[in-house]
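Chemist: Sequence:
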Amino acid sequence: MGQRQLFCLGRALLKRSRILVLDEATASIDNATDSILQKTIRTEFADCTVITVAHRIPTVMDCNMVLGISDGKLVEYDEPLKLLNKEGSLFGQLVKEYWSPTTSSWNYTDD
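Heads up: the sequence shown begins at 1 in this note's numbering, then just goes up one per residue.
Treat the hints with care, since some could be wrong.
To be verified - Taking lysine to aspartate or glutamate pairs in the DMTMM-like style, the calculated list, with each CA pair at most 25 Å apart, reads:
(1) K73 <-> D30
(2) K82 <-> E24
(3) K96 <-> D34
(4) K96 <-> D30
(5) K73 <-> E97
(6) K39 <-> D23
To be verified - With beta-carbon atoms standing in for the labels, derived distance ranges:
(7) C63 <-> L6: 14 to 24 Å
(8) K82 <-> R56: 13 to 23 Å
(9) Q93 <-> R18: 27 to 37 Å
(10) L81 <-> R11: 31 to 41 Å
(11) V53 <-> K86: 13 to 23 Å
(12) K15 <-> N85: 31 to 41 Å
(13) G88 <-> L14: 40 to 50 Å
(14) C48 <-> L81: 21 to 31 Å
(15) F7 <-> D71: 13 to 23 Å
(16) L14 <-> E87: 44 to 54 Å
Hints are computed from structural coordinates only; laboratory data are not their basis. Quick reminder that beta carbons are idealized off the backbone N, C-alpha and C, glycines included.
Let the sequences and hints guide you as you build the complete structure.
Modeler: Next comes the structure, spelled out in structure tokens:
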């Protein structure tokens with residue numbers, strides 16, 4: 001994560017904004033660092049609205065709601081686990097592709 005991104009995240013932490021928008025904020029970092037930052041964001045902004053634009057599935061799996069867009073149109077909006085179980089879900093297909101047998105095993109449950 002670059003200095004500019006860290007500076008912006010630090011500024012958001014200090015300002016305590018009620019809404020935080022993250023557009024591919026962790027796209028250029030490794031998965032381990034992404035996980036640490038996501039936990040920090042979820043902890044520090046637990047009482048805020050966080051809008052996350054991401055292509056990494058693990059980045060959005062803990063979100064309350066996921067919005068799927070295809071060809072510029074909203075195609076689905078629901079809880080991640082509900083979308084995973086929905087027949088024909090765009091999100092479900094993306095998760096399936098992301099966690100294909102060529103990647104490490106995935107063990108996500110609704111705790």
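Chemist: Would you check the hint for K96 and D34, treating anything up to 25 Å between C-alpha atoms as holding?
Modeler: holds (20 Å)
Chemist: Straight-line Cα separation of K82 and E24 no greater than 25 Å?
Modeler: holds (24 Å)
Chemist: With 13 to 23 Å as the target window, see if V53 and K86 comply at their CB atoms.
Modeler: holds (22 Å)
Chemist: Is 13 to 23 Å a correct range for the gap between the Cβ atoms of F7 and D71?
Modeler: violated (35 Å)
Chemist: Can the suggested window of 27 to 37 Å be confirmed for the beta-carbon pair Q93 and R18?
Modeler: 33 Å Cβ-Cβ, so the 27 to 37 Å window holds.
Chemist: Could one say that the CB atoms of C63 and L6 fall in the range 14 to 24 Å?
Modeler: Since the Cβ atoms of C63 and L6 sit about 22 Å apart, the hinted range of 14 to 24 Å holds.
Chemist: Hint says 21 to 31 Å; check whether the CB-CB distance for C48 and L81 agrees.
Modeler: Cβ of C48 to Cβ of L81: about 22 Å, so the range 21 to 31 Å holds.
Chemist: Quick one, are K73 and E97 close enough, alpha carbons at most 25 Å?
Modeler: holds (21 Å)
Chemist: Hint says 44 to 54 Å; check whether the CB-CB distance for L14 and E87 agrees.
Modeler: Between L14 and E87, where Cβ atoms are some 45 Å apart, the hint holds.
Chemist: Take the C-beta atom of L81 and the C-beta atom of R11, compute their distance, and say whether it sits inside 31 to 41 Å.
Modeler: Check passed, 33 Å falls within 31 to 41 Å.
Chemist: Within 25 Å, alpha carbon to alpha carbon, are K39 and D23?
Modeler: With Cα atoms ~17 Å apart, K39 and D23 stay inside 25 Å; holds.
Chemist: Has the hinted range 13 to 23 Å been met by the Cβ atoms of K82 and R56?
Modeler: Because 20 Å falls inside the window, the suggested range holds.
Taken one by one, the earlier hints fail for this structure at numbers 1, 15, listed in ascending order.
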